[in-house]
Structures are given as structure tokens and as C-alpha cells.
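Got chain A sorted already, so can you dock chain B onto it with the hints?
Sequence lines, in order, name chains A and B. All residue numbers for the first sequence refer to this note's numbering, where the first residue is 128 and numbers rise by one. All residue numbers for the second sequence refer to this note's numbering, where the first residue is 30 and numbers rise by one.
FYI, nobody ran anything at the bench for these hints, they're computed from the structure. We put the CB at the ideal spot given by N, CA and C, even for glycine. Heads up, some of the hints might be wrong.
Claimed, not checked - Calculated cross-link-like contacts (lysine-lysine; reagent style BS3-like; alpha-carbon spacing at most 27 angstroms):
1) Lys-119/B with Lys-348/B
2) Lys-228/A with Lys-437/B
3) Lys-228/A with Lys-235/B
4) Lys-235/B with Lys-246/B
5) Lys-216/A with Lys-246/B
6) Lys-447/B with Lys-261/B
7) Lys-122/B with Lys-216/A
8) Lys-435/B with Lys-261/A
9) Lys-119/B with Lys-235/B
To be verified - What follows is a set of in silico ranges between Cβ atoms, one per label pair, in the way DEER data are often shown:
10) Gln-259/A with Leu-268/B: 44 to 54 angstroms
11) Gln-259/A with Ile-374/B: 22 to 32 angstroms
12) Gln-272/A with Ile-374/B: 24 to 34 angstroms
13) Ala-245/A with Val-138/B: 54 to 64 angstroms
14) Ala-163/A with Leu-443/B: 38 to 48 angstroms
15) Val-138/B with Asn-281/A: 52 to 62 angstroms
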Amino acid sequence: MSLTCHDVMLPKDRQHLVYPENSVFDAFHIMRESRARFLPVVHKDGTYAGVFTAPTLLRLLLPRAATINLGWDDRRTNLGNLGFMSMEKEDFDAQIDRLHKENITDFMSDPSNIPTTAPNTPVMAGILLIYQYKRHLILVEPDTQKFVGTVSANSLLDRVLG
Amino acid sequence: MADLIGIDPLWLATGILVLTYAILITEKMNRAILAMLGASLMVLFGIINQQQALAGVDANTLALLIGMMVIVAITSKSGLFQYVAIKAAKVVKANPTGILIMLTLITAVFSAMLDNVTTVLLIAPITLLITDALDTPVFPFFMAEILASNVGGTATLIGDPPNIIIGSAAGLSFNQFVVNLAPISAICLVVLTAIIYFMYRTQLSKIPASASQRIMKFDESGAITDVRLMIKSLSVLALVILGFTLGHGYGLQPGTSALAGAGLLMLLAYGGQTAEQQSESVHHIFGEVEWVTILFFAGLFVIVAGVEHVGLLDFFGEKVLEITDGDMMWTAFLIFWASGILSAILDNIPFVATMIPLIESTADTFGGPEAIEPLWWSLALGACLGGNGSLLGASANLTVAAFAEKAKQPIGFLRFMKIAFPIMLLTLAIANVYIWLRYF
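Just chain A, with the same shape it has in the complex (with noise of 0.2 angstroms):
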């Protein structure tokens, strides 16, 4: 029989899940203590809402006029080397308690940018999808929008070569 998605996949109960209403200090403490660099946002019915991952992280950490990216101009509209800023620890604490406030909702990637697909969908499908976004592939049931777990290329191999 054929492998599906939902065959190589990490299931939800064996992740890290963060809810919208965690602010995004909640999932930096997370990923500090899991290691882990993705994270799905959940709702508390378990249906999805996105995904908070670690190049948010670095993108909170920058400066927000280093980030803002205005489409075809956004070659020229950046900062070029921040050299100029000196940081030190303090600076970095400052920042981070300033994130205590901000909720994960609004730090979501780009739906855009995440491939979901259905738990049914045939295995090479869902290799191709992680290999065109470079992200990991979220399982969703297309009825319900429930969540139902992550395909990497690690849950990959971990169920194809284990």
C-alpha cells in the first residue's frame, strides 16, 4: 500500500504546540527548552492557526526598520551593514521583555510561505511540497481544520529508514 503524509508524519501529541493566546515570550521559552526551531499555533479546539518559527525569532531580535520589506524595492530599502550598532546583554534583555506583550498571533509566518495539505496526500506530494517551501508541511484534516502533525524531512526519514 501506498505511503500518505499522515504516514511519515510527527503527530500532534509529540510536538511543541503554542496557543494564540501565548505571547511570543512563551514560544522563545519553548524553543529554548525543546530546541525546537518550528512551532504550530493551535487553537484550543484544535484547529490551526499558523506557525511561529525561528527566523521570526531573529526578525524580532533585529531592528524593525531592518525588516520591513516593501516588495520589488526592497533591495534598496534596507539598512545595509548594522555594524553600527553596539549591543550588549542589557540591550538584549530590554528587547526580549518588550516581547512579554506582544501575542503570537501577530508573529505568525506568512500563510503563504507554509505549505498545508491533507493527511491523505500521497508521500512523494508532500516531499515535493517541503522541498519547494523549505519549511516543514502541516497536516490539516480539510473538513475540520484540525491540526494533525507536521511532516519533516526528519519525521521522514525517521519512518521510511527506521
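Relative to the frame of chain A, chain B by itself:
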């Protein structure tokens, strides 16, 4: 073709012009596509032939725009602009009001030498960084920079696209622009800076000194990514400006100086690379040239050549002379205020492109091309200063507004206009007095 479908070429050309402008205003179609289609229709309907269409395209304007875009794209990689902004902030000891004044002045000076959109794209991110460090809203700073970019751009031939088009069409030199427009631009900048200072000094004086210390900790030398590239860029820029100032006397058009400078800077920047690396670098830099703008200009020139060919602009030129009774001063004032007010709400580039043949048509009445010089300055002043009237008045305004939106500190159309429109009227009034005193 126009004969075949039985429509008078005058009406057909007018229809194409009006339709192009109408769609342009709605912003529903990319302006390059629109201008190219309009230009094609002028040729396809036989209003002008291909030779006439190509002759209508002002190659000097396009060369100047492309050359300067390449030079600025390479120069901006050196970190020069960030260095200047941080240095300026530290010169005033990171005093918030001082920083506001310095950034206003820097924007105006950069805008006089670069195009306005490029200037604000370079200055807006560093401004946001500074205001975030000061923990203060960016609005007063962005407001001042938008106004300063349009006022500063007025000062030179290369500061604002309308000036480039006017200079090229009327054969006016870089020096003539500086001599005629820089003084009034400087006066308007002083007035603008004073208004900004009095509007925001109380608000900015409340910022604690500890916030300023964050700025003082910036090390401006760290902003420079490539010292050698910066020196090369500045040297070439100086040569190009020398070409602008001296070239006119030797029949050298600004477009030639700009393209020669761009070629030289690419050679200096990438000449040491392998052929393959050079190709990659040059492709990358050409990718930063705003081809949409270039093709928009090219198409627009053909459309204007079409309506000029059928005599529409001569007709309007006669109407203008009828209204002003053939009086040079009133004609100048009419052109000045019409371009000022219309530029506040419309894209000033197509307006200026259309006005050029119209003004040229009045030369005979006023005693030849040299006699109508005040009309060119009136058009340039109105079109450039009018850009401050609303967020729609200039591309630079919209660029800053888009950046502010992304920074979650939206400027707001009405909020901007409440402050900017009266300032625009004031600068127009000052410029009107200047035109009157200087030319009549």
C-alpha cells in the same frame, strides 16, 4: 488607419491621451504597460509613424535616468547614506529636535542630487531606526522628509523627473537650473524647517536624555560596508556633476555624462572580477534600474508626440494665450498655479510631458525660445513644489507612506494633507513672489 475607421486623427489622438491619463489616475494598470499600449495605439492608428514616434522619445532623459539609477544603486551599497545620517544625528548630540532638523536638511540635499524616491528609500529605514531608539513616533520625521524631498528635488536638473524632462526638452543646463531654482528651493527649505521645528519641538523635547544616549552609542564608521567602493562612487559622482556643470557649453548632454559615469563606476567596481562575476554583478545592478519608470517615460513621450503632431497642444497653447491676453507674466502665473495644484493630486510627470509642447507653442508670441524661459521655471516650480500637496502628489510620498504602513505607524491621507497642503500653498505663494520679482 485613422482614415480607415473614419475618425479625425485629432479626436483619436485626444481619445488615446485622455484614456491613458484616466486609467493612470485609477492606478488599476501598471503605468509602463499603459504608456506602452498608448504609444503603440498612436502608431497603429497612423497618427504618427514609427520614425516620428522614435523621434518623440527623449533619449537624453532616459539616459540620464538610467545612468543615475546605476550610480546610486552602486553607491548605496557602500553604506555612505547610513553613515551620513548617523553622523548627522550625533553631531547634534542626538537631540531629537536637532535630529529632525538634520534629517530634513539631509533629505533635501540628497534629493537635489538623487531622485526623490531613491532618497526616501535610503533615508526612511535609518529614520525609523533612530525614532525607535528614541522611542518616539516616526510621523513628524517622515512628514518632514517627504516635504523636504520635494523641495530639495526642485533645486537641480537631476533632483526631480519633471526637471529632467523640462531641462532636456528646453535645452536648459544643470547650471541654469541651479541658478534659477536653487535659491527659491533654499528659501522654501528654510521656511519648511522652521515650520517643522515649531510644530514638533515641544513634543520632541519630552524625550528623555537616556533615549538619546542609545543613538550616541551608534558607531557611524560601522555603517560603511566598503570604503574603497565609497571613494570610487564619490569620485565618479563628482565627475558626473562636473560633466553636468561644464558639459552644456561643449554640447555634452546630461544623459551622456550620467551614462559615462555609470559605465566608469561599473568598471571601477567590477573590473577586477572575472568575466562571469562581472556579468552577475552587472545583471544585479541593472536589476535595480527602475525599468517600469523608464518604459513609462518612453511610452509617454510617444503619446505626447502623437497629440503634438495632430495640433492639440498648439490649440491649448492658443487658449492659454487667450486667457492671459498674451501677457507673459500672467501666462507664467497660470502655468505655475495650474501645475502646482494639479501636481498635488495627479502624477506630475505626464502633466509636465504634455505641457512642454504647449509651452513651446507660445514661443513665437513671446519672441522666441529664450524669451519663454520664465515659463519653464514656472512649470518646474509648480510641478515640483505641488508634489507636497497630498500623498498622491509624488512617488516619494507614496513610498514613505508604504514604509510607514509596514512599520505600523501609518501616515494617513488626510492627516498628511492637513499639514502638507497648507505648507504647499505657502511654498507656492513664496515661489510665485520669487517668479514675479525675478523675471518680471
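Verification of the hints:
1. Lys-119/B with Lys-348/B: 55 angstroms, violated
2. Lys-228/A with Lys-437/B: 16 angstroms, holds
3. Lys-228/A with Lys-235/B: Holds, at about 24 angstroms.
4. Lys-235/B with Lys-246/B: 20 angstroms, holds
5. Lys-216/A with Lys-246/B: 14 angstroms, holds
6. Lys-447/B with Lys-261/B: Since the Cα atoms of Lys-447/B and Lys-261/B sit roughly 43 angstroms apart, the hinted pair is violated (cutoff 27 angstroms).
7. Lys-122/B with Lys-216/A: 24 angstroms, holds
8. Lys-435/B with Lys-261/A: With a Cα-Cα distance of about 25 angstroms, the restraint between Lys-435/B and Lys-261/A holds, given a limit of 27 angstroms.
9. Lys-119/B with Lys-235/B: 19 angstroms, holds
10. Gln-259/A with Leu-268/B: 44 to 54 angstroms: 47 angstroms, holds
11. Gln-259/A with Ile-374/B: 22 to 32 angstroms: 44 angstroms, violated
12. Gln-272/A with Ile-374/B: 24 to 34 angstroms: 46 angstroms Cβ-Cβ, so the 24 to 34 angstroms window is violated.
13. Ala-245/A with Val-138/B: 54 to 64 angstroms: Holds, at about 58 angstroms.
14. Ala-163/A with Leu-443/B: 38 to 48 angstroms: The hinted range 38 to 48 angstroms holds for Ala-163/A and Leu-443/B, with Cβ atoms some 46 angstroms apart.
15. Val-138/B with Asn-281/A: 52 to 62 angstroms: 55 angstroms, holds
In the structure shown, a violation is registered for the earlier hints numbered 1, 6, 11 and 12, in ascending order.
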